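> Single-letter residue listing:
2 protein chains.
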Amino acid sequence: MSEIERIALIGAGVIGAGWAARFAINGIDVATYDPDPRAAERVNEALENARRAYARLTLAPPVPPGRITIADEIAEALDGADFVQESAPERVEIKRALLAEVSRATDPGIVVASSTSGLLPSELQADCAAPDRICVGHPFNPVYLLPLVEVVGGQATSGDAKARAAAVYRSVGMHPLVLDTEIDAFVADRLLEAVWREALHLIDDGVATADEIDQAIAYGPGLRWSVMGTFLICRLAGGDAGMRHFLEQFGPALDLPWTHLKGPALTDELIERIVTQSDAQAAGRTARDLERLRDDCLVSVMQGLRARNHGAGAVLRDYEARLFSRAHRASRPIDHDLSRPLRLHTARVAPDWTDFNNHMTESRYLQVFGDATDALLRFAGVDSDYLAAGHSYYTVETHIRHLHEVAGEEPIAVSTQVLDCDEKRLRLFHRMSHGETHVELATAEHMLLHVDTAAGRTVPAAPEVLTRLREITDAQAGLGMPEAAGRGIAMPTASDLRSDPR
Amino acid sequence: MSEIERIALIGAGVIGAGWAARFAINGIDVATYDPDPRAAERVNEALENARRAYARLTLAPPVPPGRITIADEIAEALDGADFVQESAPERVEIKRALLAEVSRATDPGIVVASSTSGLLPSELQADCAAPDRICVGHPFNPVYLLPLVEVVGGQATSGDAKARAAAVYRSVGMHPLVLDTEIDAFVADRLLEAVWREALHLIDDGVATADEIDQAIAYGPGLRWSVMGTFLICRLAGGDAGMRHFLEQFGPALDLPWTHLKGPALTDELIERIVTQSDAQAAGRTARDLERLRDDCLVSVMQGLRARNHGAGAVLRDYEARLFSRAHRASRPIDHDLSRPLRLHTARVAPDWTDFNNHMTESRYLQVFGDATDALLRFAGVDSDYLAAGHSYYTVETHIRHLHEVAGEEPIAVSTQVLDCDEKRLRLFHRMSHGETHVELATAEHMLLHVDTAAGRTVPAAPEVLTRLREITDAQAGLGMPEAAGRGIAMPTASDLRSDPR
Chain A
1 MSEIERIALI
11 GAGVIGAGWA
21 ARFAINGIDV
31 ATYDPDPRAA
41 ERVNEALENA
51 RRAYARLTLA
61 PPVPPGRITI
71 ADEIAEALDG
81 ADFVQESAPE
91 RVEIKRALLA
101 EVSRATDPGI
111 VVASSTSGLL
121 PSELQADCAA
131 PDRICVGHPF
141 NPVYLLPLVE
151 VVGGQATSGD
161 AKARAAAVYR
171 SVGMHPLVLD
181 TEIDAFVADR
191 LLEAVWREAL
201 HLIDDGVATA
211 DEIDQAIAYG
221 PGLRWSVMGT
231 FLICRLAGGD
241 AGMRHFLEQF
251 GPALDLPWTH
261 LKGPALTDEL
271 IERIVTQSDA
281 QAAGRTARDL
291 ERLRDDCLVS
301 VMQGLRARNH
311 GAGAVLRDYE
321 ARLFSRAHRA
331 SRPIDHDLSR
341 PLRLHTARVA
351 PDWTDFNNHM
361 TESRYLQVFG
371 DATDALLRFA
381 GVDSDYLAAG
391 HSYYTVETHI
401 RHLHEVAGEE
411 PIAVSTQVLD
421 CDEKRLRLFH
431 RMSHGETHVE
441 LATAEHMLLH
451 VDTAAGRTVP
461 AAPEVLTRLR
471 EITDAQAGLG
481 MPEAAGRGIA
491 MPTASDLRSD
501 PR
Chain B
1 MSEIERIALI
11 GAGVIGAGWA
21 ARFAINGIDV
31 ATYDPDPRAA
41 ERVNEALENA
51 RRAYARLTLA
61 PPVPPGRITI
71 ADEIAEALDG
81 ADFVQESAPE
91 RVEIKRALLA
101 EVSRATDPGI
111 VVASSTSGLL
121 PSELQADCAA
131 PDRICVGHPF
141 NPVYLLPLVE
151 VVGGQATSGD
161 AKARAAAVYR
171 SVGMHPLVLD
181 TEIDAFVADR
191 LLEAVWREAL
201 HLIDDGVATA
211 DEIDQAIAYG
221 PGLRWSVMGT
231 FLICRLAGGD
241 AGMRHFLEQF
251 GPALDLPWTH
261 LKGPALTDEL
271 IERIVTQSDA
281 QAAGRTARDL
291 ERLRDDCLVS
301 VMQGLRARNH
311 GAGAVLRDYE
321 ARLFSRAHRA
331 SRPIDHDLSR
341 PLRLHTARVA
351 PDWTDFNNHM
361 TESRYLQVFG
371 DATDALLRFA
381 GVDSDYLAAG
391 HSYYTVETHI
401 RHLHEVAGEE
411 PIAVSTQVLD
421 CDEKRLRLFH
431 RMSHGETHVE
441 LATAEHMLLH
451 VDTAAGRTVP
461 AAPEVLTRLR
471 EITDAQAGLG
481 MPEAAGRGIA
491 MPTASDLRSD
501 PR
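One line per chain: the protein sequences are A and B, in this order. The opening residue of the first sequence carries number 1 in our numbering; numbering runs sequentially from there. The opening residue of the second sequence carries number 1 in our numbering; numbering runs sequentially from there.
These aren't lab readings, by the way, just hints derived from the structure by calculation. Note that the coordinates shown come from a computational prediction; the quantities given were computed from them, not determined experimentally. Please note that the accuracy of each hint is not assured.
Unchecked claim - Label pairs and their computed distance ranges (CB to CB):
| no. | chain 1 | residue 1 | chain 2 | residue 2 | range |
| --- | --- | --- | --- | --- | --- |
| 1 | A | A40 | B | R470 | 16 to 22 angstroms |
| 2 | A | E48 | B | I271 | 27 to 33 angstroms |
| 3 | B | R285 | A | A462 | 38 to 44 angstroms |
| 4 | B | R285 | A | V459 | 50 to 56 angstroms |
| 5 | A | N44 | B | G206 | 29 to 35 angstroms |
| 6 | A | E471 | B | A129 | 54 to 60 angstroms |
| 7 | B | T437 | A | R340 | 26 to 32 angstroms |
| 8 | B | A280 | A | E48 | 56 to 62 angstroms |
| 9 | A | A280 | B | R340 | 23 to 29 angstroms |
| 10 | A | T276 | B | P35 | 29 to 35 angstroms |
Where is the CB? At the ideal position from N, CA and C, for every residue including glycine.
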């Protein structure tokens, strides 16, 4: 999978250490040179962060990690390397001299890339031997996680060198953006630098604080930018009429003092160029297609952040807590006929609950049944206060029967029968059916135990909960025991099979 | 939960329609006025998009949706409204006249907010009656999903009006950023506009295309911006030495031609201000703390995008596919002792698999067991080609026993016993244990049927698969039947309980 076996890293600051972690985790031996005595510590810290992140990032089997060595001399780091990445401080004279030294000490066939955020490759390669293999490979912090790397050549750089650098980056899970034209700060850092300078003006002008500026990004535009860039986003802001409409509507704002940066003149020629490029990017997808792609991704991003309870995810979590508590207050036990199975939970099969056949995956059945169990418990008085006081029911046994497939977006409803209960035990039987056709899709039988969650042992439930559960059990007694209840899994013997008329 | 019951929306373009969807979904009645005959259609489309997104966004019980009406006159929309949101075209003369009309037609106690992206509230409120309740509430597209809304007052606006607007937005799941100082384009749109103008320069200069610019955002900096703003990100780029080091290192770049925008002079006073605000924002968290927060969130965001197979998520999916295929080539069935339970699946409990107690949720047990079943099937030759040819095994029955709680991040391993198989049936028994302590955490027994997936009926498995499964069944016969196999759920009767010595 990897294109190279050993890489030399010149410079081990935040970026160089991040490269060391990414390459090592991908099974490539790393030799690092940095005169700073803290370099080894920085590399170790980056590697520790990266290991921690990759343990969550993927369940794919990791490759055996590469070996990291800290070299005392540049020549030692370069020895045997089949790719070189330079990440020295952002000063043209330092980088230019370093790259010249590296170029003289390496075989002319070895590609040498600089991590510079914006210095021109033509300047960096000016003093190099065999400058055709010198290019820029500009990554983003944290280098071990973010996929983007801009690959830029100078006047002397060959297309082959850029292609080989891109292949190396791709082999370690990155997304190389190979640019045709060199320009100060390339593409990404021009945008980053514009944001940075505008943000500095805001602080300098006393308009907003660093934290307010950060909030203005991470709770809104930043969420979109993780999904789509500025042009697709603006296209969608133009509605069905797309980019042309957006430029008509917001073009005049280019003359307003909305940033310290003066835009280019929005000539007809520039408008045509933007509209044409935007159409190419949309590649025939309608505004509706792109909106749904954007929304699907935004939902996933926000759910991801919810799992970390951070930023927009913390807002979502707080919002949901209020929805749950509102629903709890609104649920009226009195509305239900206790002698019938209780229909307390409905759901819709989310698009990401299905496999490649668009069938709901096994585990989502249990999720829906688990939610139905929670609904029954809330109905019986096991609410958030009860849980907060340190008591809960834990499921200890589950028996599911799958009767029909369920497809994405289908509505489902669960009705629940309380088969039995005592002080510590609760036995439930759920039936999941299609929300409209009422076809029975699956059943689940559960045994739950009432526990003291801190002590981790079973204890009797609170009297009011027990009273409520017994009331339901008694009222439903007339329903009888479901045929599937109490059944174990069995496979008929060969003689059973022979007598099976089917 | 909601602060208001009925809102008047003046203007139903992309933004106004988005507001209609957000408020209606949150149970608030919406009256919309827009002279454009396509307004109703736009509102319906936004509502449809929003419903679709919310069905995935949260499993919390939705509130009964508010009613949306399209008014023929502004006065009709305003009738009975307890909040007004104006989203007319971005022209100061249009908005100023509209807001003046709205202000004369509403009770002076009703807050009126403008969605303007950057016009000054002092100008907008200039002709209004009771201008103290006129403010800006600037949202971001899609309004029904993105939490950010900037709340800005003009010279005449009262603090109470801003607080009331913020409370309304918070009640519908948003994150109001209440700014003290009004400035053209506020905060977020100054940054957006700087990016937009710089991006227009890049196209105008022929340096990059719209799609390249978008890639330069969404595969790198955009991912970070969904988690943290520019200042926290730069602080971390400075390593342990933080913002002061970053400013030392990248301060000189402010003089480089890295954007068309000229930054402010980086005076000692400005440096101190930025460092102080950055320290306040970090709130005592070390670089390591913040790096891990950033990385945890980036992993979750990338996993979210992986679920949609989009952008950075598609890069991750492709990377993982290569890791899996590499591991698959490396795995040799011959390495396994078929007479022992087969240990074919390991996993780590992802942070988002756990409930608020940090215990793995019920449904994730079945997910892990389902993955173990898939691993056994692959081991027996049911690979992607086999599935593509239209045959598969479907689980029809499951019996899970939960023996111990499992916490987030814990390693788990599953070993599998094939209890029995015939032409169409397969009976499995999995044991899930802690990856290091080997404590048994749960067991699962499954019955599977071999199916023709297109026809949706059971058919015999392919001979080579059957041979392999029988080979395993025979080799494992010596293990005997697990005690829990074939067991159903039962609850002891009262007399059983009395004789129970525990």
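> Hint by hint, say whether it matches the structure.
Status of each hint after checking the structure:
1. At about 56 angstroms, the CB distance of A/A40 to B/R470 disagrees with the hint of 16 to 22 angstroms.
2. Between A/E48 and B/I271 the CB atoms are about 31 angstroms apart, so this pair conforms to the stated range of 27 to 33 angstroms.
3. Look at B/R285 against A/A462: about 40 angstroms separates their beta carbons, and that is inside 38 to 44 angstroms.
4. The hint said 50 to 56 angstroms for the Cβ distance between B/R285 and A/V459, and at roughly 39 angstroms that hint is violated.
5. Between A/N44 and B/G206 the beta carbons are some 44 angstroms apart, a value that contradicts the proposed interval 29 to 35 angstroms.
6. About 59 angstroms separates the C-beta atoms of A/E471 and B/A129, a value consistent with the hinted range of 54 to 60 angstroms.
7. The supplied range of 26 to 32 angstroms is broken by B/T437 and A/R340, whose beta-carbon atoms lie about 46 angstroms from each other.
8. Evaluation of the 56 to 62 angstroms hint for B/A280 and A/E48 yields a failure: the beta carbon distance comes to about 28 angstroms.
9. Taking the beta carbon of each, A/A280 and B/R340 are about 58 angstroms apart, not inside 23 to 29 angstroms as hinted.
10. Restraint check, A/T276 to B/P35: a C-beta distance of roughly 32 angstroms satisfies the suggested window 29 to 35 angstroms.
Comparing the model with each numbered hint stated earlier shows that hints 1, 4, 5, 7, 8, 9 do not hold.
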